[in-house]
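Protein chains in written order, with the numbering used here: chain A, 1 to 226; chain B, 1 to 226; chain C, 1 to 226; chain D, 1 to 226; chain E, 1 to 226; chain F, 1 to 226; chain G, 1 to 226; chain H, 1 to 226.
Source of the hints: derived by calculation from the structure; they are not laboratory data. Where a beta carbon is used, it is the ideal one built from N, C-alpha and C, also for glycine. A few of these clues could be false.
A short, non-exhaustive set of chain F residues, derived as facing chain E with CB atoms under 10 Å [to be verified]:
(1) F19
(2) Q40
(3) A43
(4) I81
(5) T180
(6) V186
Number of protein chains: 8
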Amino acid sequence: MSNPPEKHNKLHTTAVLDFQRVDRIGISEAVLCDHKSPAQIEAILQRFHAQKTPCLLTRLDADKAGALAVQYRERLDFEPISRTAFAPSPLSRLDERQVVIVSGGTSDTPVCMEAARTLAFHGVQATLIQDVGVAGLWRLNERLEEIRRHPLVIAVAGMEGALFSVLGGLVSAPVIAVPTSVGYGVAEGGRLSLNAALGSCAPGMLTVNIDNGYGAACAALRILAV
Amino acid sequence: MSNPPEKHNKLHTTAVLDFQRVDRIGISEAVLCDHKSPAQIEAILQRFHAQKTPCLLTRLDADKAGALAVQYRERLDFEPISRTAFAPSPLSRLDERQVVIVSGGTSDTPVCMEAARTLAFHGVQATLIQDVGVAGLWRLNERLEEIRRHPLVIAVAGMEGALFSVLGGLVSAPVIAVPTSVGYGVAEGGRLSLNAALGSCAPGMLTVNIDNGYGAACAALRILAV
Amino acid sequence: MSNPPEKHNKLHTTAVLDFQRVDRIGISEAVLCDHKSPAQIEAILQRFHAQKTPCLLTRLDADKAGALAVQYRERLDFEPISRTAFAPSPLSRLDERQVVIVSGGTSDTPVCMEAARTLAFHGVQATLIQDVGVAGLWRLNERLEEIRRHPLVIAVAGMEGALFSVLGGLVSAPVIAVPTSVGYGVAEGGRLSLNAALGSCAPGMLTVNIDNGYGAACAALRILAV
Amino acid sequence: MSNPPEKHNKLHTTAVLDFQRVDRIGISEAVLCDHKSPAQIEAILQRFHAQKTPCLLTRLDADKAGALAVQYRERLDFEPISRTAFAPSPLSRLDERQVVIVSGGTSDTPVCMEAARTLAFHGVQATLIQDVGVAGLWRLNERLEEIRRHPLVIAVAGMEGALFSVLGGLVSAPVIAVPTSVGYGVAEGGRLSLNAALGSCAPGMLTVNIDNGYGAACAALRILAV
Amino acid sequence: MSNPPEKHNKLHTTAVLDFQRVDRIGISEAVLCDHKSPAQIEAILQRFHAQKTPCLLTRLDADKAGALAVQYRERLDFEPISRTAFAPSPLSRLDERQVVIVSGGTSDTPVCMEAARTLAFHGVQATLIQDVGVAGLWRLNERLEEIRRHPLVIAVAGMEGALFSVLGGLVSAPVIAVPTSVGYGVAEGGRLSLNAALGSCAPGMLTVNIDNGYGAACAALRILAV
Amino acid sequence: MSNPPEKHNKLHTTAVLDFQRVDRIGISEAVLCDHKSPAQIEAILQRFHAQKTPCLLTRLDADKAGALAVQYRERLDFEPISRTAFAPSPLSRLDERQVVIVSGGTSDTPVCMEAARTLAFHGVQATLIQDVGVAGLWRLNERLEEIRRHPLVIAVAGMEGALFSVLGGLVSAPVIAVPTSVGYGVAEGGRLSLNAALGSCAPGMLTVNIDNGYGAACAALRILAV
Amino acid sequence: MSNPPEKHNKLHTTAVLDFQRVDRIGISEAVLCDHKSPAQIEAILQRFHAQKTPCLLTRLDADKAGALAVQYRERLDFEPISRTAFAPSPLSRLDERQVVIVSGGTSDTPVCMEAARTLAFHGVQATLIQDVGVAGLWRLNERLEEIRRHPLVIAVAGMEGALFSVLGGLVSAPVIAVPTSVGYGVAEGGRLSLNAALGSCAPGMLTVNIDNGYGAACAALRILAV
Amino acid sequence: MSNPPEKHNKLHTTAVLDFQRVDRIGISEAVLCDHKSPAQIEAILQRFHAQKTPCLLTRLDADKAGALAVQYRERLDFEPISRTAFAPSPLSRLDERQVVIVSGGTSDTPVCMEAARTLAFHGVQATLIQDVGVAGLWRLNERLEEIRRHPLVIAVAGMEGALFSVLGGLVSAPVIAVPTSVGYGVAEGGRLSLNAALGSCAPGMLTVNIDNGYGAACAALRILAV
């Protein structure tokens with residue numbers, strides 16, 4: 001089998017990164033890794049490094065992270081559960097916790113952590129309150145005052161997503177719902193939870209894509225900047 | 001245009017009614033009217049009358065009820081919101097209320113009443129508690145003790161159906177969820193609420209078809225006979 | 001046909017209104033009229049009136065508004081395109097416009113106006129910029145500086161909803177996407193536009209249910225209160 | 001690649017278990033294992049052990065069970081086909097069989113056994129009657145008297161789920177339908193069988209999520225406690 | 001408003017009818033009327049009449065039939081329940097009944113009659129057995145010997161379509177399943193019944209489109225000609 | 001009911017028309033009328049008239065056209081089957097027919113004519129060949145040479161859309177498939193035909209939205225300008 | 001981890017095989033292997049062997065066949081492409097070929113062979129004509145006379161399934177369409193091809209489930225026995 | 001396990017290749033490899049080689065290419081990212097670039113390259129412009145003049161596909177949209193991007209199946225030949 005002739009190699013153009021995004025909309029460009037090869041990711045990291053721009057990688061699973069060349073791996077602040085990496089770690093952070101991340105069960109942890117890590121990359125700390133699903137409502141009630149002390153709520157839930165409506169009726173802060181793909185059968189990979197957020201009877205619920213902890217954090221950053 | 005010749009009329013066979021159903025499974029045969037013409041309904045009523053068997057009609061809207069010949073209309077105990085009719089009204093009823101019907105909002109009333117009327121036809125009285133949707137959770141909490149005094153709960157909700165999970169986590173009785181077609185957009189004619197019941201995180205939730213108050217009542221009758 | 005006997009009338013319970021909602025979450029309870037009969041709406045208006053609480057009605061089409069008894073109609077500040085009504089009109093309003101409502105085409109007007117009227121009911125004025133769909137991008141570019149002067153954007157679009165991503169990449173404010181049911185074929189009653197908002201490549205887009213101008217306004221109120 | 005710094009570890013909060021669930025609704029909290037790592041499961045088991053509370057694990061496949069540390073594995077009464085485990089085994093059981101589990105084919109065995117094991121964990125014995133699918137109706141007829149001797153029926157079927165309607169028309173006991181994901185093409189991972197149960201012409205059929213043997217057993221426990 | 005100029009009228013071309021279809025595949029071309037205007041139907045009838053070819057019209061509702069000019073109406077043997085018309089009536093028919101049409105309920109009558117009328121148009125008589133749905137299995141058992149005397153079965157059912165599998169397991173003849181749009185909620189306009197036929201556990205079930213009594217009859221004609 | 005106060009009228013902004021579209025992409029802006037009121041359409045027509053720009057209206061049904069004020073109606077070259085109108089009629093046209101529109105059946109006529117009228121508005125004449133559906137393949141074969149004489153083919157078909165693949169395998173010209181909503185049951189409002197075009201085994205098939213004759217014509221204009 | 005205690009083993013009941021099926025409907029019971037473990041398959045084979053009844057296995061992939069104990073493997077006439085096995089091989093076969101299996105492309109071969117092997121097991125020989133997809137219509141035309149010499153056609157196609165309508169318009173024999181899961185994107189695992197068969201404009205097309213070569217063969221056996 | 005007896009081998013017929021396709025429609029037959037075994041691919045390559053006809057293979061992943069016998073592998077001009085192979089490489093190419101391939105992000109590269117390689121196989125060179133997604137609109141604006149210099153645009157995008165509408169409103173050339181399966185959640189394997197192209201507000205957008213770079217190139221070849 002012959003190698004691909006050089007004429008086709010010109011198809012591998014350099015990625016055009018949106019370094020001005022942080023100036024334009026206040027959010028750094030992030031690199032969604034799940035459709036990219038290690039070689040593509042390395043090329044992108046090199047561009048960010050050359051620009052001395054901090055970089056956030058999402059959906060980087062541990063195997064792919066391990067497949068990166070050592071000089072790239074070493075510079076990454078990688079966290080496997082959230083599948084996120086920073087290059088380099090952001091230095092200063094605000095102490096006050098402006099966002100609370102509330103989830104239905106421990107299976108939602110990876111999505112919660114993707115949101116928390118994205119916030120941390122932009123210098124915002126979050127409080128994480130897990131396992132307050134509505135099947136045992138007392139758990140949510142016990143934490144309600146703590147939740148209400150935050151100006152912004154990110155709610156993370158799979159299955160039937162009843163947590164969204166209950167929370168939305170109890171707090172006055174903006175609630176960003178992140179449906180997760182936790183569940184089986186009618187949960188349909190997160191569709192049920194997504195629609196529960198969109199069709200909620202609690203007024204003013206806001207929603208992002210399934211498992212999109214990154215997007216919820218970006219929306220939170222936009223709101224906190226108002 | 002010629003009339004249909006007689007040879008085709010033989011296609012109009014007499015309906016074969018399942019009069020022994022009440023003996024076999026404890027529930028009378030009911031007549032689902034929404035795909036039937038007034039003429040078909042009249043023919044069926046005549047058969048029930050000849051057998052001296054009480055008859056329950058469901059999904060009989062007011063226009064179709066009004067289109068029945070007067071001798072059939074007169075014998076009907078018709079209730080327009082539930083779109084149900086009895087012929088004749090059942091006489092004796094138990095006083096104790098064994099079933100509580102709990103609903104999210106006033107838009108769910110027709111389905112609640114179809115369930116209540118089906119129970120009444122079989123001699124079972126129900127308590128109806130409406131407007132306790134989870135967007136204002138205090139309303140449900142106020143009625144919780146009353147709900148818990150009933151051995152069986154029928155929960156009726158449209159939109160995102162969060163009521164099902166909240167109720168299922170608070171009461172020990174069997175909960176029969178009846179999703180309704182109330183809502184728009186992602187509510188998809190009741191699909192969202194249906195899936196919320198099926199995918200509920202509260203263990204042991206039971207579900208029937210969308211808007212199927214009749215079916216929930218029949219299931220309740222089976223359970224009460226255990 | 002006999003009247004429904006009195007024993008069934010007890011099923012018509014009084015609606016349980018959530019008057020404390022405004023204290024709890026900062027948003028008044030609104031009445032979604034499209035599954036309610038004129039009689040149900042009148043009963044609810046009477047309750048609000050007795051409580052001297054201002055009331056917002058949504059999805060009240062002109063025919064149903066016209067079917068209300070005159071004493072209820074007279075008190076309503078009804079606007080037919082948005083299908084909203086106030087009872088009574090709120091008095092004082094802030095002059096500063098904190099929200100801009102941007103839409104793709106004139107067919108999206110009813111949803112834009114539902115959002116604007118809901119904001120107005122809560123004392124918030126909105127700027128409305130219509131007909132800036134991306135098929136003629138110059139129209140959006142011409143209004144971009146004006147849009148950027150607002151701390152919050154509500155974007156309203158049907159069909160393929162490309163407006164959401166373009167806007168989200170150009171402004172730093174929170175963008176609340178309201179997909180509309182404008183379109184045909186693959187537009188699937190707004191599903192395409194909804195998914196375009198949820199799956200947007202612009203980071204931090206927020207979404208509400210199809211045609212839900214009311215919900216977008218409520219979310220805006222939550223954010224402005226941060 | 002640097003380790004995740006300590007500040008992010010605080011995201012790993014302890015699971016909040018609902019130990020009071022058995023008092024509130026008569027059913028122990030169970031641990032759905034399929035979205036949890038062995039480490040998460042071990043942490044949960046430790047909590048149950050410390051509370052001296054018996055624990056039921058579901059959807060625990062053999063590989064994941066084998067990956068648990070030996071001190072956890074030893075305490076488990078694990079059954080691989082049902083993918084369930086008890087810790088410890090419940091001691092006393094009632095002899096009388098109050099539930100019959102009826103299934104269409106041998107491919108439905110894992111779901112049947114999840115139901116039977118969940119009942120056993122709560123002290124209820126079940127009779128299991130398999131391979132009575134309606135393509136050979138004589139098989140069901142042969143076992144009908146035996147089925148009728150039980151106060152409660154759990155029916156388990158995949159493919160087109162015709163078993164549900166046939167059974168529902170033949171027995172007066174409550175029938176809880178458990179659709180399974182057995183089948184291909186239009187069976188759509190159990191959707192067809194699920195809808196067959198929900199849309200059944202037999203009055204009073206009750207349904208749970210696809211492959212949800214656990215949920216059917218929980219519903220049976222609620223009903224038997226009436 | 002000006003009339004459409006003549007140059008556009010050339011777009012109204014004459015329909016190209018497939019008069020040789022009966023020679024090629026043994027089935028006459030039929031005219032599906034539901035997307036055609038009365039004027040289009042009249043033009044087609046005129047073509048058939050000029051060719052002295054008998055014509056079958058399907059999905060011709062009574063209103064549209066009544067809107068045809070009197071000279072067309074008079075020649076039609078119209079039957080309103082099946083919404084079919086012949087022009088002219090076929091003369092000779094075989095006496096022996098080679099096809100039995102079995103249906104679940106009286107709501108399926110229009111589809112049964114479309115099949116029966118299509119067969120009659122081609123000279124084949126059918127036996128019609130209605131109301132033998134599986135919720136009351138004794139009704140089917142009573143007619144089973146009669147059904148087995150026919151070489152070909154057309155089974156017509158809506159809702160969950162359990163009739164198809166039960167019949168397919170009891171008779172050795174080819175069974176053509178015609179799903180109908182009878183039902184609500186999960187019945188999804190006939191989709192559930194269609195999939196029940198396709199996913200049946202009874203081997204060798206054959207299926208046509210929803211409500212397609214015409215297609216089932218055409219398939220029967222092909223089989224009888226083998 | 002009070003009139004809407006003046007402050008809300010400012011929401012009715014003037015439509016922003018894209019008059020420069022014809023210079024930018026070679027296609028005039030058209031007005032999709034099906035979500036617009038007569039008042040909105042009149043306002044738009046006035047704008048076009050003031051600009052002395054010819055205007056194309058699509059999806060204008062006869063009732064809505066008749067509801068326009070007489071001064072607008074009079075200027076329209078309205079054609080009811082295609083539901084299109086020109087204001088004013090374009091004068092000069094090329095004689096050579098560069099596009100052939102091929103359809104499966106007479107029910108597809110309105111979509112064929114929307115395409116033909118859109119082409120005519122831009123000065124391109126089309127040949128229309130109808131009723132060449134593949135159930136009678138001889139009809140297509142008879143017209144094949146005529147079809148091949150055109151540099152561009154627009155194929156219009158509903159139901160299962162088999163015409164697209166057959167045509168695509170027989171001609172070398174670009175084929176633009178326009179799926180139509182003709183059919184029932186599995187045809188799903190044109191989805192089946194749409195997917196048949198997209199999933200065609202004939203290489204190089206191009207597709208537009210369901211019933212989108214206008215879009216197919218616009219694409220043809222782009223291609224003819226290459 | 002303790003072994004499952006004996007008390008749970010009673011759940012492993014013996015499969016109830018339908019040996020009388022061949023007498024009742026003329027088709028042997030077959031064993032669908034894809035949801036069964038090797039141990040379950042061995043137990044079933046032993047039952048068939050003890051009854052001296054020939055057995056057909058379907059969906060038995062090569063790995064699972066290889067995992068059977070040697071005494072079972074040796075008796076099997078296994079064919080890996082069709083994933084079918086006979087035990088033992090049927091002896092006598094009719095020479096005349098009554099069925100022709102026509103397919104669109106070589107990717108459809110496994111399904112064609114499942115049909116051919118199922119027919120062979122019941123003593124019926126089939127002619128196989130592949131690669132006659134409609135993108136190159138001359139290929140089908142070349143084989144048309146040969147196809148027409150058979151009394152029954154099984155048509156196998158994936159992607160857009162245009163072959164079904166073309167064939168159905170050209171032959172008078174019954175055509176059983178078998179949609180296959182060949183394709184990608186809109187082909188949706190065979191759904192497109194399935195719907196193309198059901199929604200075909202060719203009258204009297206018959207359809208089975210996706211990839212169901214076994215079912216098509218069973219239907220053919222029913223028809224040939226008429 | 002016995003080998004398949006010879007009588008079944010006759011089912012393995014030789015593939016019928018459409019060598020005349022290039023004469024008929026100007027496009028060579030290509031071999032879609034993803035449902036074919038290495039043995040089937042080798043047999044096809046041998047046929048092409050014997051006919052001295054150049055051959056294009058698509059969806060040939062690197063593993064399957066490596067599994068081909070060495071004499072076949074050696075003759076292939078294989079490119080792994082596009083998963084395409086030529087046998088042999090086409091010699092002469094036009095220098096002028098008539099097609100520009102524009103994509104949203106680097107994850108779309110494989111589809112871009114499948115299109116570019118298919119064009120190259122037919123002697124057409126393409127310019128590739130990647131990473132111009134609309135979240136950073138300046139990137140597209142920077143390249144707009146370059147894009148406009150090409151007579152034909154192939155636009156490749158996943159996620160919400162907003163690139164299609166923006167491009168379609170900015171260029172007058174034909175735009176062929178290729179939706180890709182890049183994205184997650186509501187992106188639904190490319191469905192969202194596909195529908196965004198079909199439902200685009202930009203007039204005259206043309207669309208092919210998800211990930212179908214090959215089909216887009218074939219359509220481009222048809223258009224360039226006009």
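Tested hints:
1. F19: violated, 24 Å
2. Q40: violated, 18 Å
3. A43: Violated, because the Cβ-Cβ distance from A43 of chain F to chain E comes to roughly 18 Å (cut-off 10 Å).
4. I81: Holds - the Cβ of I81 of chain F comes within 10 Å of chain E, reaching about 8 Å at its closest.
5. T180: holds, 9 Å
6. V186: Holds - the Cβ of V186 of chain F comes within 10 Å of chain E, reaching about 6 Å at its closest.
Comparing the model with each numbered hint stated earlier shows that hints 1, 2, 3 do not hold.
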